[in-house]
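Undergrad: Each chain is listed here by its residues.
Protein chains: 2
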Amino acid sequence: MKVKLASNYGFCFGVKRAIKIAEDYKNSSTMGPLIHNQDEINRLRNDFNVGLYTNLSDVKDHDTVIIRTHGIPKDDLKNLRAQKAKIINATCPFVTTPQQIVKKMSKEGYSILIFGDADHPEVKGVQSYGEDQNDVHIILEPSDIENLVFKNNKIATVAQTTKKKEKYLEIVNALILKNKEVRVFNTICDATFENQDAARDLSKEVDVMIVIGGKNSSNTKQLHSICLENCADSYLIENETELQNSWFLNKKLCGITAGASTPDWIIQQVVEKVESQN
Amino acid sequence: MKVKLASNYGFCFGVKRAIKIAEDYKNSSTMGPLIHNQDEINRLRNDFNVGLYTNLSDVKDHDTVIIRTHGIPKDDLKNLRAQKAKIINATCPFVTTPQQIVKKMSKEGYSILIFGDADHPEVKGVQSYGEDQNDVHIILEPSDIENLVFKNNKIATVAQTTKKKEKYLEIVNALILKNKEVRVFNTICDATFENQDAARDLSKEVDVMIVIGGKNSSNTKQLHSICLENCADSYLIENETELQNSWFLNKKLCGITAGASTPDWIIQQVVEKVESQN
Chain U
1 MKVKLASNYG FCFGVKRAIK IAEDYKNSST MGPLIHNQDE INRLRNDFNV GLYTNLSDVK
61 DHDTVIIRTH GIPKDDLKNL RAQKAKIINA TCPFVTTPQQ IVKKMSKEGY SILIFGDADH
121 PEVKGVQSYG EDQNDVHIIL EPSDIENLVF KNNKIATVAQ TTKKKEKYLE IVNALILKNK
181 EVRVFNTICD ATFENQDAAR DLSKEVDVMI VIGGKNSSNT KQLHSICLEN CADSYLIENE
241 TELQNSWFLN KKLCGITAGA STPDWIIQQV VEKVESQN
Chain S
1 MKVKLASNYG FCFGVKRAIK IAEDYKNSST MGPLIHNQDE INRLRNDFNV GLYTNLSDVK
61 DHDTVIIRTH GIPKDDLKNL RAQKAKIINA TCPFVTTPQQ IVKKMSKEGY SILIFGDADH
121 PEVKGVQSYG EDQNDVHIIL EPSDIENLVF KNNKIATVAQ TTKKKEKYLE IVNALILKNK
181 EVRVFNTICD ATFENQDAAR DLSKEVDVMI VIGGKNSSNT KQLHSICLEN CADSYLIENE
241 TELQNSWFLN KKLCGITAGA STPDWIIQQV VEKVESQN
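For the record, the sequence lines run as chains U and S. Per the UniProt record's numbering, the first sequence starts with residue 1, numbered consecutively. Per the UniProt record's numbering, the second sequence starts with residue 1, numbered consecutively.
Calculated directly from the structure, the hints in this document are not laboratory data. Backbone N, C-alpha and C define an ideal beta-carbon position, used for all residues, glycine too. Any given hint could be a false lead.
Using C-beta positions, here's what the derived DEER-type ranges look like [claimed, not checked]:
#, chain 1, residue 1, chain 2, residue 2, range
1, S, E108, U, N153, 16 to 22 Å
2, S, E166, U, G32, 43 to 49 Å
3, S, V149, U, T54, 49 to 55 Å
4, U, K178, S, Q83, 53 to 59 Å
5, U, G32, S, D144, 45 to 51 Å
6, S, H36, U, N152, 48 to 54 Å
7, U, K180, S, R17, 32 to 38 Å
8, S, K178, U, N46, 26 to 32 Å
Let's have the full structure, built from the sequences with the hints guiding it.
TA: Following this line, the structure appears as structure tokens:
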């Protein structure tokens with residue numbers, strides 16, 4: 001069976017980079033799970049002796065600690081330094097950018113608005129860089145703006161990297177109508193949407209489509225649903241053991257894509273098994 | 001006849017201010033017509049000896065020259081100074097703001113986008129404050145963005161004061177999607193829209209509505225059209241001589257509004273004549 005991979009699939013740039021860093025720093029530990037995939041965390045522990053801390057207080061002097069892609073709050077970083085940990089920063093550069101923007105704009109006297117989920121580790125990290133925490137506002141919906149009281153009439157805005165641009169525009173539009181200056185930083189990362197676009201394109205040109213990822217992962221289910229729109233024979237699997245021979249009968253070309261938390265080695269195992277089909 | 005004036009009508013803040021300045025500087029001259037109303041220009045000439053220059057080269061040493069509400073290009077101002085003219089700046093503060101923003105942002109390395117009419121004196125003045133004229137872009141339609149090449153990926157935007165906010169948002173939205181930073185300055189003045197809103201409200205509560213302004217003035221015709229939606233007996237006149245007794249038969253309350261180029265003294269003459277109706 002001939003196989004074609006989507007032009008974008010699986011891990012984004014920031015996650016790939018963080019895994020490479022973890023592999024380079026054997027015997028280190030990550031602060032919180034590096035990614036949302038237990039198989040990959042097991043692999044890093046077994047093959048590279050990369051451990052996992054869940055609490056800052058567990059870190060011992062001179063430990064090597066990897067900061068994960070989401071980043072961590074400024075004070076946590078300070079505490080890690082105080083504990084004399086060797087810090088390896090695997091914060092995604094696309095997350096470091098809004099952290100630095102919030103720090104700079106806040107110093108320059110702008111009120112800060114973050115479009116994102118206040119409970120998400122990335123947003124907590126970005127938020128922490130505001131000088132005046134009472135003038136850093138986090139909202140998820142354009143309608144939430146009505147309840148905000150900014151200290152300044154000049155506002156700087158950033159967005160959580162995985163948010164949708166359309167909603168970000170709705171929010172900044174409402175701000176522009178009410179304020180003298182709105183400094184809009186487009187910090188949204190296209191990775192999630194690039195995977196979706198690529199899955200859409202590929203599913204239009206193949207006979208059968210395999211989507212690899214967690215059955216409970218919302219971004220994987222989203223990919224599957226997009227593929228089904230264009231290719232009725234689209235299947236969602238977690239690994240190569242779920243592949244069924246019958247799916248490939250009388251098919252010529254199999255497209256493959258994967259959710260954002262699916263490691264390359266799982267994808268590779270699927271590719272090889274599909275290629276071995278008649 | 002009882003009369004009620006719209007809560008906003010006629011001259012905006014900037015024009016009222018400029019006329020006051022002209023009255024305060026007897027024997028001066030304006031650079032270009034102060035406002036688009038010949039009756040008012042005649043009044044200033046007859047009552048205050050305020051003259052009119054159409055060309056910079058006509059200005060004589062030590063003349064007192066009034067800069068009109070739209071402002072003038074930076075180099076023209078420089079030339080006036082070189083001619084040792086006494087300069088009285090009646091540029092509307094709402095126009096000075098975008099001039100200063102373009103100057104500052106341009107110095108800080110931003111590409112400049114102006115939403116406005118490239119041929120309008122206000123826009124020509126604002127544009128002139130850009131450091132690098134090849135990186136100051138003027139557009140009227142969101143679709144015009146496609147043809148622009150900015151030198152930087154950080155862009156500062158201002159709008160001509162009389163433009164519509166909805167279209168400005170469309171333009172900045174397109175920019176936000178394509179650029180890392182868009183610094184949006186809301187320089188639109190609400191005066192025109194406030195007159196329209198007030199005319200709409202008033203026309204709903206009166207028996208008869210009078211709109212005073214030039215029959216060819218687009219903003220006056222717009223006011224008339226808004227009033228007609230709510231009050232069938234809405235009339236457009238240029239001055240009190242056009243009022244007809246029959247309009248007020250069996251009416252109780254007459255609403256009055258005026259276009260943006262209608263001087264108060266013409267409005268006052270209409271009010272007095274309507275009030276004298278039975």
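Undergrad: Quick check: which numbered hints come out false for this structure?
TA: 4, 6, 7, 8
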